[in-house]
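*Asks:* Spelled out, the chains give:
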Amino acid sequence: MAQAIRALTASTNLPRLIAIAIFGAPVAAGFALTLALAFGYLPALGGRDLSLAPWRALFAEPGFWSGLELTLFVGFTATAISLALAFAGLAVGARRVAALLPPLLATPHSAMAIGFAFLLAPSGWLMRLASPWATGDLVPPDIVTVNDPQGLSLILGLVLKETPFLLAASLAALARWPDAEQLSIARALGYRPAAAWLLIVAPQLYAQIRLPLYATLAYSLSVVDMAIVLAPSHPEPLSLLGLRWFLSPDLTRIYPAAAAATLQGLFVISGIAVWRIGEWLAARGLLRRVETGRRGAFLETAARAVAILTTLALSLGLLSLVALALWSIAWRWPFPLALPESWSLRIWREQMPQLVRPLLDTLILAGASTLLALGLAVAWLEADERAGRTSSLTAIYLPLLAPQIAFLFGVETLFAWMRIDGGVLAVAWAHSLFVFPYVLLAMADPWRALDRRYARAASALGASKNRVLLQVKLPLLASPLAFAFALGVSVSVAQYLSTLFAGGGRISTLTTEALSRSSGGDRRVAAVAAFLQAAVPLIAFALAALAPRRLGTPRGAHS
Amino acid sequence: MTSQGLAIENVSLSVAGRLLIRGLSFVVEQTRPTTIMGPSGAGKSALIAFIGGHLDRAFKATGRVIVAGADIVNLPAERRGIGVLFQDDLLFPHLSVGANLAFGLNASIQGSAVRRATVEQALDEASLVGFYDRDPATLSGGQRSRAALMRSLLADPRALLLDEPFGKLDQALRREFRHFVFESAARRGLPVLMATHDPADAEAAGGPVLLIGEASSPTEPH
Chain X
3 MAQAIRALTA STNLPRLIAI AIFGAPVAAG FALTLALAFG YLPALGGRDL SLAPWRALFA
63 EPGFWSGLEL TLFVGFTATA ISLALAFAGL AVGARRVAAL LPPLLATPHS AMAIGFAFLL
123 APSGWLMRLA SPWATGDLVP PDIVTVNDPQ GLSLILGLVL KETPFLLAAS LAALARWPDA
183 EQLSIARALG YRPAAAWLLI VAPQLYAQIR LPLYATLAYS LSVVDMAIVL APSHPEPLSL
243 LGLRWFLSPD LTRIYPAAAA ATLQGLFVIS GIAVWRIGEW LAARGLLRRV ETGRRGAFLE
303 TAARAVAILT TLALSLGLLS LVALALWSIA WRWPFPLALP ESWSLRIWRE QMPQLVRPLL
363 DTLILAGAST LLALGLAVAW LEADERAGRT SSLTAIYLPL LAPQIAFLFG VETLFAWMRI
423 DGGVLAVAWA HSLFVFPYVL LAMADPWRAL DRRYARAASA LGASKNRVLL QVKLPLLASP
483 LAFAFALGVS VSVAQYLSTL FAGGGRISTL TTEALSRSSG GDRRVAAVAA FLQAAVPLIA
543 FALAALAPRR LGTPRGAHS
Chain Y
759 MTSQGLAIEN VSLSVAGRLL IRGLSFVVEQ TRPTTIMGPS GAGKSALIAF IGGHLDRAFK
819 ATGRVIVAGA DIVNLPAERR GIGVLFQDDL LFPHLSVGAN LAFGLNASIQ GSAVRRATVE
879 QALDEASLVG FYDRDPATLS GGQRSRAALM RSLLADPRAL LLDEPFGKLD QALRREFRHF
939 VFESAARRGL PVLMATHDPA DAEAAGGPVL LIGEASSPTE PH
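Protein sequences appear in the order of chains X and Y.
Numbering of the first sequence is given in my numbering, commencing with residue 3 and proceeding in unit increments.
Numbering of the second sequence is given in my numbering, commencing with residue 759 and proceeding in unit increments.
The hints are simulated quantities; they were obtained by calculation from the structure and are not laboratory data.
Quick reminder that beta carbons are idealized off the backbone N, C-alpha and C, glycines included.
Be careful, since some hints might not be right.
[Said to hold, decoys possible] For each label pair, taking beta carbons as the anchor points, the in silico distance ranges come out as: (1) Leu314/X - Arg933/Y: 51 to 59 Å; (2) Lys926/Y - Ala397/X: 34 to 42 Å; (3) Leu283/X - Arg837/Y: 49 to 57 Å; (4) Ala285/X - Ser898/Y: 23 to 31 Å.
[Stated by the list, open to error] Chain X residues, not near chain Y, derived (Cβ > 10 Å throughout): (5) Ala86; (6) Ile187; (7) Leu191; (8) Ala198; (9) Val292; (10) Arg359; (11) Leu471.
[Said to hold, decoys possible] Some but not every residue of chain Y turned toward chain X, in silico, with C-beta under 7 Å: (12) Leu813; (13) Ala816; (14) Phe817; (15) Val831; (16) Ala835; (17) Gly841; (18) Val887; (19) Asp891.
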């Protein structure tokens, strides 16, 4: 341990170089390889000539164009709704709902999608709660709710996860920036509270949460895991078409799959560009609105109305989690009863033997990828501090802004070439590509906010820099470290595509198990896997919350 | 006393069980800006916040605030019609100087040409001709303070509260801006209430001075 630290801290550039080699290089290589494949270049399969054939195959695929339309509609609509709900909630004072956010944030996308499908299905919980007294139905109605061809259930599912994400990002930004006096001024000028917030605070806050927002847009435009549960199969979103071809036994399908993945990457880049144009138009509209001096009675009413939907979205998210728990212990539950007729742990007993291995692998992958990412994040920040610089972390966001499918197959190709594909090491590495950005971003603020005088005092007592790091800084940062660790675990547990690709289908985790069970006939079987999948990150965050604020203070030693 | 003035009646303020102000009553007349002085923590800013409707929930307050003959204590801040200037100018950084003033300008003035002209006139009054499209961040401290005052005045307030408004300006600017504030308010016949810890501010205001201090009743030396 001490040796490793000495080696890592020998040069202030070393941690950054290692991080770039471990996390940056595979992402870059992954993009390049996917792009090469999209033009028919893969020497291992005999493809040596560049051609447009993969693109022609992609464009000629029946349902491609309608799938494209669906992809764009879902991506933009889900992002816009999530932003509107988050801002409306904040405008009417949603700081109060902050307590509801942790379970919604911790739950993996796919577990949320499975729980939400349980709510929304024609035979789902919502319909049961409303039947027969409101709907008059004694059997599940013959309507399409989940997997609707318009993609509305997928949009709603995304909104349930992305609204809490944008709320949390906004609350974190607002915590660093006291807005109370600006609001007082606006109200003294005659603006009602929500209108004042939307005209004065929202535009400034928007600039602060642009990167998380773009990550939401990128995710929604290329979503795979939630789409498996909630998207229609006709038309099929581009991401699922690409995935189906990547996994096809017919290896020549890989070329058009790479073309689809590359197209997805282009969509995200141009989608962000289009969004920026929208920002510019919105800024001009805002300016014109402000110059009229109207005090915003309508804005106030509108914000309050939309904020009701915010509360509804957060409640539906929590209800989805309850639905998972409920179905996992339901035994007989005939429609339209609101609650199961009989309860049993039998499904748990039947499923656990099959889920022990995926659970262990999930924990091992989460632990390994998070430790690697957290270790390098700490080394990076410490090296920055010793070199007296503050590196910009914008580039770190890249893996979060890029559609996973646009580079993960390339990463798999790279791992295959290194002969490590299909093993735990490869999957842990692939997970860490996504864990590292989150962990580094979570640690950067508390690290830079730590009072430098403690370290200086320790140095003045003759402690070496490494001793100061180990015995002063890290213990003082125990709470942020524990939170970053839990965050890393939650990111790793939620990984689907990277597990699938880097594991070559041979490594299963709770997420891959839950998703493969979600298409099966028995909700209770999917519920057990999805419940476990949601429980692991929740427990990680709960443990992080219980961790001491800093190490070393004896309990009760200070009042 | 005129019905246009600002009257504080029997106001008590406490925080965390600690009484800051007990049974304070006074009248702010239009022609004589009133100054509240006292050590920090005595409740000067809390009193200003109470009158403006911005008091933090941690404070408990009772009493009446009469503006134009009506008690406004139960009105939300945005319906009180009371302008506030803080120590920081708080020009909104995402809006140009002109848009900041237009944000303040009363909505009863309609039509973009008329509104623009009104804002330009206010900029002229504040010696900021040609500053409409400027980013507030490019202005000097004195220019920003004058713009913030104009923004408040354009909303047609019925009274103006000043919470240590000169604290961050250097001596020369301070004198100049103080003069500008009192003159602008007097021209509009606005009652002005100022909280400060600088006796020079009180002297420049030229009106009555109220001393408040912890756990003691207010005294009125003038």
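*Asks:* Let's test the interface hint: is any C-beta of chain X closer than 7 Å to that of Leu813/Y?
*Replies:* 10 Å, violated
*Asks:* Hint validation: Gly841/Y versus chain X, beta carbon distance must be below 7 Å. Holds or violated?
*Replies:* Check passed: Cβ of Gly841/Y comes within 6 Å of chain X, closer than 7 Å.
*Asks:* Does the CB of Ala816/Y sit less than 7 Å away from some CB of chain X?
*Replies:* Hint on Ala816/Y: violated, closest Cβ of chain X at ~12 Å, above 7 Å.
*Asks:* For the hint on Val831/Y, just tell me whether its beta-carbon gets within less than 7 Å of chain X.
*Replies:* 15 Å, violated
*Asks:* Quick check: does the Cβ-Cβ distance between Ala285/X and Ser898/Y fall within 23 to 31 Å?
*Replies:* 26 Å, holds
*Asks:* At a threshold of 7 Å, is the proposed contact between Phe817/Y and chain X supported by beta-carbon distances?
*Replies:* Because about 14 Å separates Phe817/Y from the closest Cβ in chain X, which is outside the 7 Å limit, the hint is violated.
*Asks:* Holds or violated: is there a CB of chain X closer than 7 Å to the CB of Asp891/Y?
*Replies:* With Cβ-Cβ at 11 Å, over 7 Å, it is violated.
*Asks:* Taking 10 Å as the cut and beta carbons as the points, is Leu191/X off the interface with chain Y?
*Replies:* 5 Å, violated
*Asks:* Could you let me know if the closest chain Y CB is still more than 10 Å away from the CB of Arg359/X?
*Replies:* For Arg359/X, whose nearest Cβ neighbour in chain Y is about 53 Å away, the distance exceeds 10 Å, so it holds.
*Asks:* With chain X as the partner, please determine if Val887/Y meets the hint condition of a C-beta pair closer than 7 Å.
*Replies:* 19 Å, violated
*Asks:* If I take the minimum Cβ distance from Ile187/X to any residue of chain Y, is it greater than 10 Å?
*Replies:* 5 Å, violated
*Asks:* State, for the Cβ atoms of Lys926/Y and Ala397/X, whether the hinted interval 34 to 42 Å holds or is violated.
*Replies:* 38 Å, holds
Of the numbered hints given earlier, the model fails hints 3, 6, 7, 8, 9, 12, 13, 14, 15, 18 and 19; all others are met.
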